[in-house]
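Residue numbers for the sequence shown follow UniProt numbering, so the first one is 1 and each next one is one higher.
Calculated from the structure, these hints are not laboratory results. Because the structure is a prediction, the values reported are computed rather than measured. Watch out, some of these pointers could steer you wrong.
[Said to hold, decoys possible] Computed spacing ranges between beta-carbons, pair by pair:
no., residue 1, residue 2, range
1, 81, 21, 18 to 24 Å
2, 80, 49, 14 to 20 Å
3, 56, 33, 14 to 20 Å
4, 37, 8, 17 to 23 Å
[Said to hold, decoys possible] Derived lysine to aspartate or glutamate pairs resembling EDC-like cross-links, with alpha carbons at most 16 Å apart:
no., residue 1, residue 2
5, 103, 8
6, 87, 33
7, 103, 33
8, 102, 17
9, 54, 85
10, 102, 8
Glycine included, C-beta positions come from ideal geometry on N, C-alpha and C.
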Amino acid sequence: MITDTDIELSGPFKASDSSGRSHHVKAIRIFDEGYGIIDVYVDFAAPVEAGSYKDTTLVGNIIDRLRALGYVGPNFGHSDPGLQDSKLIVLEAPEQFSDFAKKKGWKNLAEEFDDE
Numbered sequence: 001m002i003t004d005t006d007i008e009l010s011g012p013f014k015a016s017d018s019s020g021r022s023h024h025v026k027a028i029r030i031f032d033e034g035y036g037i038i039d040v041y042v043d044f045a046a047p048v049e050a051g052s053y054k055d056t057t058l059v060g061n062i063i064d065r066l067r068a069l070g071y072v073g074p075n076f077g078h079s080d081p082g083l084q085d086s087k088l089i090v091l092e093a094p095e096q097f098s099d100f101a102k103k104k105g106w107k108n109l110a111e112e113f114d115d116e
């Protein structure tokens, strides 16, 4: 579900999991602003298996897509298990991701307090 507060980082593509199944990713997106740590939302066209957010092959394919789009930095971890859904994986980006996100229009709200 993409809203007017989202920044779409990638449109549709295919990503495989560790069992070799291919999944249709609809989009990779972030919110347009936040404080420090960025959650990255990966929307799927069909439900994925429970726990797919822990599948290193699937997550690796998602990160590879972001790297192809210009992200330079370490791999991601998964975000809070409570945020995961049948058609959504939420990843927690490392600090280095913020440089890439800023180039896409993301605003770090914590920087507003750095001037004080």
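Right, here's what the structure says about each hint:
Separation of residue 81 from residue 21 is about 21 Å and conforms to the stated range, judged on CB atoms against 18 to 24 Å. As the Cβ distance of residue 80 to residue 49 is approximately 19 Å, the hint placing it in 14 to 20 Å holds. About 30 Å separates the C-beta atoms of residue 56 and residue 33, a value inconsistent with the hinted range of 14 to 20 Å. Evaluation of the 17 to 23 Å hint for residue 37 and residue 8 yields a pass: the beta carbon distance comes to about 20 Å.
Between residue 103 and residue 8 the CA atoms are separated by roughly 12 Å; this keeps the pair inside 16 Å, and the hint holds. Pair hint residue 87 plus residue 33 does not hold up; C-alpha atoms about 23 Å apart against a cutoff of 16 Å. A hinted pair counts as satisfied when its Cα atoms are at most 16 Å apart, and residue 103 with residue 33 qualifies at roughly 12 Å. In summary, the hint linking residue 102 to residue 17 is not supported, as the alpha carbons are separated by about 29 Å, beyond the 16 Å threshold.
For the given pair, residue 54 sits about 13 Å from residue 85 by alpha-carbon distance, which is consistent with the 16 Å threshold. Using a Cα cut-off of 16 Å, the hinted pair residue 102 and residue 8 holds, with the two alpha carbons roughly 13 Å apart.
This entry does not satisfy hints 3, 6 and 8, going by the numbered hints stated previously.
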